[in-house]
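Based on these hints, arrange chain Z on the given structure of chain P.
Line by line, the protein sequences are chains P and Z.
Under my numbering, the residue at position 44 of the first sequence is numbered 44, and the numbers go up by one with no gaps.
Position in the second sequence (first residue = 1) + 113 = my numbering.
A few of these clues could be false.
No more than 20 Å apart at the CA atoms, straight line, and that leaves these computed lysine to aspartate or glutamate pairs for EDC-like [claimed, not checked]:
#	chain 1	residue 1	chain 2	residue 2
1	P	77	Z	152
2	P	77	Z	175
3	P	77	Z	845
4	P	77	Z	151
The hints are simulated quantities; they were obtained by calculation from the structure and are not laboratory data.
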Amino acid sequence: MSERADVWQGTLSLMVLKTLQSMGAQHGYGIARRIEQTSGDILALNYGTLYPALVKLEQEGYVASEWGNSDNNRRAKFYSLTRAGHRRLAAEAKSWQQTSEIMARFLALEAAK
Amino acid sequence: MIAALRAFFIRLRGLWIAPSSEPGMREELAHDLALMTEDGELRGLSHEEARRQALLQLGGLEQTMQSVRDRRTLPSVEELLQDLRFAFRQLRHRPAFTLTAIFTLALGFGASIAIFAFVDAAMIKPLPYREPQRLAWVTETVEIMGPANLSWQDYQDWQRQNRSFESLAVWRYGGFQMRIGEGLVFTPAMRVSANFLSTLGVHPVAGRDFAATDNLVGAAKVVMISYELWRDIFHMDPDVVNRTLDFSGDKYTVIGVLPEKFQFAPRGRLQALTAITPEQGYCEGRRSCHSLNGVARLKSGVTFQQADADVKAIAHNLESQYPDSNRGQGGIAMPLTEQIVRKIRPVFYVLLSAALLLCFIACINVASLLLARSEGRRREFALRTALGATRRRMFRQFATESITLVLTGTITGIALALLSVRSIMLLVPQSMRDQMPFFDSVSINRDTLFFAASIAIGAIILFTLIPGLRISWNALQRAIAEGSAGAGSGSLSWNRVGSLLVIAEVAVAVVLLAGAGLLSRSLANLLRTDLNFNPDHLVTVNVVPPGKKFPTDAAQIAMERRVVERLSTLPGVTAAGFGSLLPVTFNGNTDWIRFPDRPYDGKHIEINGRSASSTYLQALGVPLLKGRFISEQDTADKPLVAVVNRHFAESYFPGQNPIGKTFGDTSLTPKSMKTIVGVIDDLHEGSLDDPIWPAAYYSAYQSVDQAAIVLRVASGESSIIASLPGVIRSVDPDLGMSDVMTMNDRINSSQSATLHRGAAWLAGAFAITALLLCAVGLYGVISYSISLRTREIGVRMALGARRESIYGMVLREAGRLSLAGILSGLLLSVLAASLLKSVLFGVSGWDPLTLGISCVVLGVSTFLASALPARRAATANPMEALRTE
Numbered sequence: 001m002s003e004r005a006d007v008w009q010g011t012l013s014l015m016v017l018k019t020l021q022s023m024g025a026q027h028g029y030g031i032a033r034r035i036e037q038t039s040g041d042i043l044a045l046n047y048g049t050l051y052p053a054l055v056k057l058e059q060e061g062y063v064a065s066e067w068g069n070s071d072n073n074r075r076a077k078f079y080s081l082t083r084a085g086h087r088r089l090a091a092e093a094k095s096w097q098q099t100s101e102i103m104a105r106f107l108a109l110e111a112a113k
Numbered sequence: 114m115i116a117a118l119r120a121f122f123i124r125l126r127g128l129w130i131a132p133s134s135e136p137g138m139r140e141e142l143a144h145d146l147a148l149m150t151e152d153g154e155l156r157g158l159s160h161e162e163a164r165r166q167a168l169l170q171l172g173g174l175e176q177t178m179q180s181v182r183d184r185r186t187l188p189s190v191e192e193l194l195q196d197l198r199f200a201f202r203q204l205r206h207r208p209a210f211t212l213t214a215i216f217t218l219a220l221g222f223g224a225s226i227a228i229f230a231f232v233d234a235a236m237i238k239p240l241p242y243r244e245p246q247r248l249a250w251v252t253e254t255v256e257i258m259g260p261a262n263l264s265w266q267d268y269q270d271w272q273r274q275n276r277s278f279e280s281l282a283v284w285r286y287g288g289f290q291m292r293i294g295e296g297l298v299f300t301p302a303m304r305v306s307a308n309f310l311s312t313l314g315v316h317p318v319a320g321r322d323f324a325a326t327d328n329l330v331g332a333a334k335v336v337m338i339s340y341e342l343w344r345d346i347f348h349m350d351p352d353v354v355n356r357t358l359d360f361s362g363d364k365y366t367v368i369g370v371l372p373e374k375f376q377f378a379p380r381g382r383l384q385a386l387t388a389i390t391p392e393q394g395y396c397e398g399r400r401s402c403h404s405l406n407g408v409a410r411l412k413s414g415v416t417f418q419q420a421d422a423d424v425k426a427i428a429h430n431l432e433s434q435y436p437d438s439n440r441g442q443g444g445i446a447m448p449l450t451e452q453i454v455r456k457i458r459p460v461f462y463v464l465l466s467a468a469l470l471l472c473f474i475a476c477i478n479v480a481s482l483l484l485a486r487s488e489g490r491r492r493e494f495a496l497r498t499a500l501g502a503t504r505r506r507m508f509r510q511f512a513t514e515s516i517t518l519v520l521t522g523t524i525t526g527i528a529l530a531l532l533s534v535r536s537i538m539l540l541v542p543q544s545m546r547d548q549m550p551f552f553d554s555v556s557i558n559r560d561t562l563f564f565a566a567s568i569a570i571g572a573i574i575l576f577t578l579i580p581g582l583r584i585s586w587n588a589l590q591r592a593i594a595e596g597s598a599g600a601g602s603g604s605l606s607w608n609r610v611g612s613l614l615v616i617a618e619v620a621v622a623v624v625l626l627a628g629a630g631l632l633s634r635s636l637a638n639l640l641r642t643d644l645n646f647n648p649d650h651l652v653t654v655n656v657v658p659p660g661k662k663f664p665t666d667a668a669q670i671a672m673e674r675r676v677v678e679r680l681s682t683l684p685g686v687t688a689a690g691f692g693s694l695l696p697v698t699f700n701g702n703t704d705w706i707r708f709p710d711r712p713y714d715g716k717h718i719e720i721n722g723r724s725a726s727s728t729y730l731q732a733l734g735v736p737l738l739k740g741r742f743i744s745e746q747d748t749a750d751k752p753l754v755a756v757v758n759r760h761f762a763e764s765y766f767p768g769q770n771p772i773g774k775t776f777g778d779t780s781l782t783p784k785s786m787k788t789i790v791g792v793i794d795d796l797h798e799g800s801l802d803d804p805i806w807p808a809a810y811y812s813a814y815q816s817v818d819q820a821a822i823v824l825r826v827a828s829g830e831s832s833i834i835a836s837l838p839g840v841i842r843s844v845d846p847d848l849g850m851s852d853v854m855t856m857n858d859r860i861n862s863s864q865s866a867t868l869h870r871g872a873a874w875l876a877g878a879f880a881i882t883a884l885l886l887c888a889v890g891l892y893g894v895i896s897y898s899i900s901l902r903t904r905e906i907g908v909r910m911a912l913g914a915r916r917e918s919i920y921g922m923v924l925r926e927a928g929r930l931s932l933a934g935i936l937s938g939l940l941l942s943v944l945a946a947s948l949l950k951s952v953l954f955g956v957s958g959w960d961p962l963t964l965g966i967s968c969v970v971l972g973v974s975t976f977l978a979s980a981l982p983a984r985r986a987a988t989a990n991p992m993e994a995l996r997t998e
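In isolation and in its complexed conformation, chain P is listed as follows:
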């Protein structure tokens, strides 16, 4: 395994929300795997960070959780987006896009020099 980067501060909750949006209800491990896969295994998820983040999102009302059976028939806790979560995701995604576009423009400027 190559050098892997920790998740940047403040982006984890956005990633979790986006993951839940694209995959539907998912348990903690599934979310973590998906984030790692999506990042091309560049991001390393610390579970000691992920679980508190999930609890926080739930406390804030952006995700809901319920117990259900996983694919291999184990009892697992599934997280899903709430309506507030959808709105929040939309808002945050938009602001991130703006941020990255601005950054991209600056980096392009640097390259043309």
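Showing chain Z alone in chain P's frame:
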């Protein structure tokens, strides 16, 4: 924002329910761990290796659990509970320290909370009416006494012409003898204009309010009765409305019942309200007869200044319109609250300041205790810091400890306050409570608790900062390096802070002591006021004839003569007489006079007008300076005579003999002319702290008024008082009585005496407490500072220092502190004197005797407080002192 708030409350709830969610959390992690392990096995790892890697990735099961747990609840609150438990343990382990601190705080807080309860009732919400901040006291003014009374005619004009009032009502005091069955009961009452209750915003609980027609000439006599009367006499009978009551011989129809606890602050304990009917020939029929007080509700947005200017302008117009009756009549409008609390406010402010100072001393005491203790705990703090406690964490520990202390102190203080409010209320005489009905609403209420909370928060901040600031980071590091809790730079700075606290404490105690001393001297002066008559062995009674029993002056005079004759035959009575107003009652009941052959400058000369029977002034024992007293021969068919007081003679006849001079009413009508036949000394007519006014005493046989009887007795006042009702009723069974008491009781229970006495007692109590706290505080500081220097003292003694020199060293240190404190206290006292000035009587704010005594008392007590620890230090065994290391 909302999301964050939501999260906060869930976490707060998590404090209780988090433990129950533990198994679920464990299960979730176990499930994920299993999935990870399976993934590893799919990648070809052995089960053990896959599980190991999965655990690694989780960052350890327990750590993950902990981080989730932290997120679920509020870790700070959990730590707080932990700190709290620790604080309680700490406090329990030092019961002497804890009890002293809590008791000290409770004393200081209790005193200020109790006094605040009074201030709150009196100053903050004394008026139980709708929107009391819009209620004004409105009346006319005259030159000699400022605010005087309104006349009904002027009131009518004011009501029509003003632009400031939503409504303007008037009232005057009046009492009735109410006949219940065979007996007569004195019933305090007020006569009011019909809009009186609606101006206050009060509605009757039964029946109707007055209507404008009730104020018309010749209107039927109607009355509203108090709730108490309704309850106690009529047993809440709803049919009381429309019943007829016999009031002083007149029939009144009940139209309504006042609400429970209704009081009109300037005049308490009302039992009935009747409507003013301005009949011709009576006072309200004349513009020049001033008998009413106004109360108004300001239009919203109108200030008291505007209202005041408004009534002054109207009064000015009326003056030019009616030059005869309205000359010199101004107007005034001010907040009703102001009128009620004006006299008592400065006393309360002084007491509240005293209580706050006491509170301050208590806090300083506890702060120095905490400081001393924190010095002793340097090692513990150093150790905890070394073990990784952050500075913030340490601060929080101090905060928790002080919160625990202060909360316990405050709760005990509130309990103490409740107790003292009860006992103070027992000391307030009924007459004063009647005058100031807000006394009834003194309680520990929301405002009081808010006040308690604010001082508690102040104390918590103080107590957290003091040890926190003291234990500087570097000092902590050094303490570890030195490995000692002993002397060094730390105790030097401790000495500095501790010394400052002691100086502040002594200074404040000087202020309190001096204040209490001044108030006591002022009370003594007040009670020693030269009354110019002899108040000892004097019994007084007001005889109240029922309404129409004695229709003519002659009949009333005959009745009064008969009563006094019978009373003077009682054994022990040496002299008896009757007049219109007893001395030490009030300045007022005035006459406007004018002297013949003198240019009339258009101003009224206003004097206290009184009447006296032939024996009245002699029975009082007033010295006769010139001429003669009123005699039996000064009857209605003889020329009118007057005896004047010294002040009258000196003001209007300086350097002349006033005997034989005359004066009359402002138009010098021949039948008003009176000849001065005598001059007496300045009989104190007003309250003890009121100035002496010019006064004239007319013959009670020529000028009929109410009958106030004085009896000079040789001894046995109480048996005379007991036999009064029988004797008076033997003259006429319908005669009522009021104010049966000895003159000394009257003086001692007068409002001014009560106010001064109350202030002096309370301030004295504060001062004694302050003195005690101060001594305890100094004792604590000195003995602590000695305990820090035990080693040094041991070395000195081992090197041959004599016990006396150790003694001297400690005492010199304590002496320096208390001297600095006393000097700053003197300075503060002089500053505080300006606050005291308005409540002092006959003594200046910087009375050297009082200040001197206060300093000596404090000096002695601080000496005693430091002598004990000094003695202990000097008698210590040097070997043991050295061994304390």
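Against the structure, the hints come out as follows:
1. P:77 x Z:152: 18 Å, holds
2. P:77 x Z:175: Distance ~19 Å between residue 77 of chain P and residue 175 of chain Z Cα, so the pair holds.
3. P:77 x Z:845: Roughly 99 Å separates the two Cα atoms, so the pair is violated.
4. P:77 x Z:151: Holds: residue 77 of chain P and residue 151 of chain Z sit about 18 Å apart, inside 20 Å.
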